[in-house]
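Engineer: Below are the chains, spelled out letter by letter.
There are 2 protein chains.
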Amino acid sequence: MKERELTEKEARTKVEKLLSTVDTVYLATNGSHGHPNIRPMMPVKIDGVEKIWFCTDLESSKIIELIKDSKAAISGHSPKSMAEFRLWGSMHILDDAASRQYVWNEELESQYTGEDDPTMRVLRFDVISGMYNNKGKSGIFTI
Amino acid sequence: MKERELTEKEARTKVEKLLSTVDTVYLATNGSHGHPNIRPMMPVKIDGVEKIWFCTDLESSKIIELIKDSKAAISGHSPKSMAEFRLWGSMHILDDAASRQYVWNEELESQYTGEDDPTMRVLRFDVISGMYNNKGKSGIFTI
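Quick note, the sequences are listed as chains P and W, same order.
Heads up, the first sequence is in the working numbering, so the first residue is 2 and it goes up one at a time.
Heads up, the second sequence is in the working numbering, so the first residue is 2 and it goes up one at a time.
If you are wondering where the hints come from, they were derived from the structure by calculation, not from laboratory data.
Note that the coordinates shown come from a computational prediction; the quantities given were computed from them, not determined experimentally.
Be a bit skeptical, because a hint or two may be false.
Put simply, identical chains are the same to the list, so a pair is met inside one copy or across any two.
List of simulated lysine-lysine pairs, DSS-like, C-alpha gap at most 30 Å [as the list claims (entries may be wrong)]:
{"hint": "1", "residue 1": "K69", "residue 2": "K81"}
{"hint": "2", "residue 1": "K46", "residue 2": "K81"}
{"hint": "3", "residue 1": "K136", "residue 2": "K69"}
{"hint": "4", "residue 1": "K138", "residue 2": "K69"}
{"hint": "5", "residue 1": "K46", "residue 2": "K18"}
{"hint": "6", "residue 1": "K72", "residue 2": "K10"}
{"hint": "7", "residue 1": "K81", "residue 2": "K52"}
{"hint": "8", "residue 1": "K52", "residue 2": "K136"}
{"hint": "9", "residue 1": "K52", "residue 2": "K10"}
Generate the whole structure from the sequences, applying the supplied hints.
Structural biologist: Given below as structure tokens:
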């Protein structure tokens, strides 16, 4: 990252646009034994660049990791342009009816019995700051 | 991860195969302020599932992170099958001529002046353990 040419507003707008085009992002958490952990995930709802929602199994290892430490990072890219973004923030595990209803969509039916499936948890990633980069043209922003 | 059906050998073979098909993987490091950090990266050389090589700019933020803590994780997936892998290990920053020569390829010419470019560093990820998952059919292995 030698150049930092974009304004905060430009970087934020570009991340928002890129986020709307990617199916899969990668989520990094503080894992066990001091190792970071990482996995691909599909967002189920995206609110601008401020909140990104996921669903996960209650038995997933990330649940324990996030209970221990909610600090997380998300990244995604366009394979075509190689534009990339990173978002830093905290991930919250939610189990209330309103959150479940908010994120529920038909695609989740293949994995869960319904929005009240007791094995499902909603994850809400609250963004603190972000970065956009496309071939060295980059910028950072804070929420 | 409810099921763990694959043997160590099967899981390792499947990760090796999947690794050979992906252009981009994601690298998670222990970043600053207790936050994990994450970014997409293109491997420049892959030795089975044991060593994965990258090139990076000396000025990249990951250099400082890896000097502080070499523990890292890598993940990738097939957008088609949604098969995914994770690898945990340590990332070493190398600056010797043999490593530079070993990883050098023509594609790097767009970024660096040559294999002896002083702004380039070689990164070698030494895998400790790994995981393969495809629709709940999964397995772990250690090196």
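Engineer: Next step is simple, just say for each hint if it's right about the structure.
Structural biologist: Outcome of the hint check:
no., hint, result
1, K69 - K81, "neither (37 Å within a copy, 33 Å between copies)"
2, K46 - K81, "both (23 Å within a copy, 21 Å between copies)"
3, K136 - K69, "between (36 Å within a copy, 27 Å between copies)"
4, K138 - K69, "between (36 Å within a copy, 27 Å between copies)"
5, K46 - K18, "within (14 Å within a copy, 32 Å between copies)"
6, K72 - K10, "within (24 Å within a copy, 34 Å between copies)"
7, K81 - K52, "both (25 Å within a copy, 27 Å between copies)"
8, K52 - K136, "both (26 Å within a copy, 27 Å between copies)"
9, K52 - K10, "within (17 Å within a copy, 40 Å between copies)"
The structure fails hint 1 only (numbered hints given earlier).
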